[in-house]
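Asks: Sequence:
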Amino acid sequence: MKPIWRKIALDSRELRISTVLRCGQSFRWRENEEGVWSVGYKGRVVLLQQDDKNLHYASLPEDDVDIKDVIDDYFNLKTSLKDLYAVWAEKDAHFKKMTLNQLAGIRILRQDPWETLCSFICSSNNNIKRISQMVENLSIHYGDFIANYNGVDYYDFPSPDKLADKTVEGKLRDLGFGYRAKYIQRTAEVIMSKYGGRKYVEELRQKPYLEAREALLEFTGVGPKVADCVCLMGLDKNEVVPVDTHVWQIAQRDYKVAKKYKALNKAAYEEVRDHFKFLWGDYAGWAHSVLFTADLNLEEQEVKKEEITDPLPAPKPTIGIKRELDEPVLDLPTKIPVKG
DNA sequence: AGAATACCTCAGCA
DNA sequence: ATGCTGAGGTATT
Numbered sequence: 001m002k003p004i005w006r007k008i009a010l011d012s013r014e015l016r017i018s019t020v021l022r023c024g025q026s027f028r029w030r031e032n033e034e035g036v037w038s039v040g041y042k043g044r045v046v047l048l049q050q051d052d053k054n055l056h057y058a059s060l061p062e063d064d065v066d067i068k069d070v071i072d073d074y075f076n077l078k079t080s081l082k083d084l085y086a087v088w089a090e091k092d093a094h095f096k097k098m099t100l101n102q103l104a105g106i107r108i109l110r111q112d113p114w115e116t117l118c119s120f121i122c123s124s125n126n127n128i129k130r131i132s133q134m135v136e137n138l139s140i141h142y143g144d145f146i147a148n149y150n151g152v153d154y155y156d157f158p159s160p161d162k163l164a165d166k167t168v169e170g171k172l173r174d175l176g177f178g179y180r181a182k183y184i185q186r187t188a189e190v191i192m193s194k195y196g197g198r199k200y201v202e203e204l205r206q207k208p209y210l211e212a213r214e215a216l217l218e219f220t221g222v223g224p225k226v227a228d229c230v231c232l233m234g235l236d237k238n239e240v241v242p243v244d245t246h247v248w249q250i251a252q253r254d255y256k257v258a259k260k261y262k263a264l265n266k267a268a269y270e271e272v273r274d275h276f277k278f279l280w281g282d283y284a285g286w287a288h289s290v291l292f293t294a295d296l297n298l299e300e301q302e303v304k305k306e307e308i309t310d311p312l313p314a315p316k317p318t319i320g321i322k323r324e325l326d327e328p329v330l331d332l333p334t335k336i337p338v339k340g
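Per full-length UniProt numbering, residue 1 is the first one in the first sequence, and the count goes up by one each step.
Treat the hints with caution; some may be incorrect.
The calculated DSBU-like cross-link candidates involving lysine-lysine, where the alpha carbons are at most 35 Å apart (straight line), are [to be verified]:
| hint | residue 1 | residue 2 |
| --- | --- | --- |
| 1 | Lys42 | Lys259 |
| 2 | Lys277 | Lys260 |
| 3 | Lys260 | Lys96 |
| 4 | Lys256 | Lys82 |
| 5 | Lys166 | Lys256 |
| 6 | Lys96 | Lys82 |
| 7 | Lys225 | Lys260 |
| 8 | Lys78 | Lys225 |
| 9 | Lys91 | Lys42 |
| 10 | Lys2 | Lys68 |
| 11 | Lys129 | Lys225 |
These aren't lab readings, by the way, just hints derived from the structure by calculation. In this text the structure is predicted, and so the values were computed from the model without any measurement.
Go ahead and model the full structure; you've got the sequences and the hints to work with.
Replies: In structure tokens form, the structure reads like this:
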């Protein structure tokens, strides 16, 4: 079964999937050796590959007439990053400086609301690698099988009815979910018994931000940050800036916001969130993801700089025989792979 | 009300 | 090698 590839004309500055699909918004995409990205999503395997001018796509099974619309919707392609960027750069000099007036193709996804909710419940006090592993496990163990492609089995993300059973908590604990096992099971159970299914979460898209947020906060395992992530990345609340520890630091260090607070409490959280909403406007959540990623890249560069300059200082012209006494300076990098 | 503390696991590092 | 730390928080004192 060879998929049929088609393409959408799309400047890579409007969307860069290699960044967007691994920046901590979605957690189930995988990339193969050839740069093809894939995921099981709503009954199909979605395949993507990108070059400068086009987004190439395919799906399995092939009779998937909706795939184009699904991609369009998932990546929010009706919204032009270019126009938004101009607004943010004009309103915020620091933003402009950090992003060097370059469109990096970083944008907010419009993901399935129920999956977004579960994913971000898993994200609390956690790292991207393990979050991905956990969400993948939810699909493999509870989701419907879709297809095998290139030796990989693809599954849908499970509906809440699959996760509502009391036995789920124990199994998720065995799968390494830790205390989040209970959060997932309890949330699924409440969604089913009290609200009748995932549609309840989907309909929060129609409600105003604060209303949707309140509704989400009712679920155990959902606090302010998780609720705001779901609002932004699943419920069309484009103005929301979720305040995690990283954003909290950026706010204080680069924007001098909420300096009077020592810790990120409720008041501090809302002050930071509202500040960025005021500064960047209706798509503040999108701007935040751009700045966040720019900041991460900068940190990586800092690390690389140290790695390069530290271990092997430029050999100074040797004066006399003094160098021989300074051997420790030439310490080899400690990171030589030790296998076996 | 606001501030500590416990909570699961795992990779990275000393 | 073992032990510690922190990771895009939340619930509970």
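Asks: Quickly compare the C-alpha distance for Lys96 and Lys82 to 35 Å and report which way the hint goes.
Replies: 13 Å, holds
Asks: Holds or violated: Lys91 with Lys42, Cα cutoff 35 Å?
Replies: 39 Å, violated
Asks: Given the hint that Lys256 pairs with Lys82, test it: the Cα-Cα distance must not exceed 35 Å.
Replies: 28 Å, holds
Asks: Checking one constraint from the list: CA of Lys129 to CA of Lys225, max 35 Å. Satisfied?
Replies: It holds: about 19 Å lies between the C-alpha atoms, which stays within 35 Å.
Asks: Are Lys277 and Lys260 close enough, with their CA atoms no more than 35 Å apart?
Replies: Holds. Lys277 to Lys260 sits at ~20 Å (cutoff 35 Å).
Asks: Compare the distance between the alpha carbons of Lys2 and Lys68 with 35 Å, and conclude whether the hinted pair is satisfied.
Replies: 18 Å, holds
Asks: Is the Cα-Cα distance between Lys42 and Lys259 35 Å or less?
Replies: 44 Å, violated
Asks: Does Lys166 pair with Lys256 here, judged by a C-alpha cut-off of 35 Å?
Replies: 47 Å, violated
Asks: Would the pair Lys78 and Lys225 pass a check requiring their Cα atoms to be no farther apart than 35 Å?
Replies: 27 Å, holds
Asks: Is Lys260 within 35 Å of Lys96, Cα to Cα?
Replies: OK: Lys260 and Lys96 at ~26 Å, within 35 Å.
Asks: For the pair supplied as a hint, Lys225 and Lys260, is the alpha-carbon distance within the 35 Å limit?
Replies: Judged against 35 Å, a Cα distance of about 20 Å means the pair holds.
The structure is inconsistent with the numbered hints 1, 5, 9, although it conforms to all the rest.
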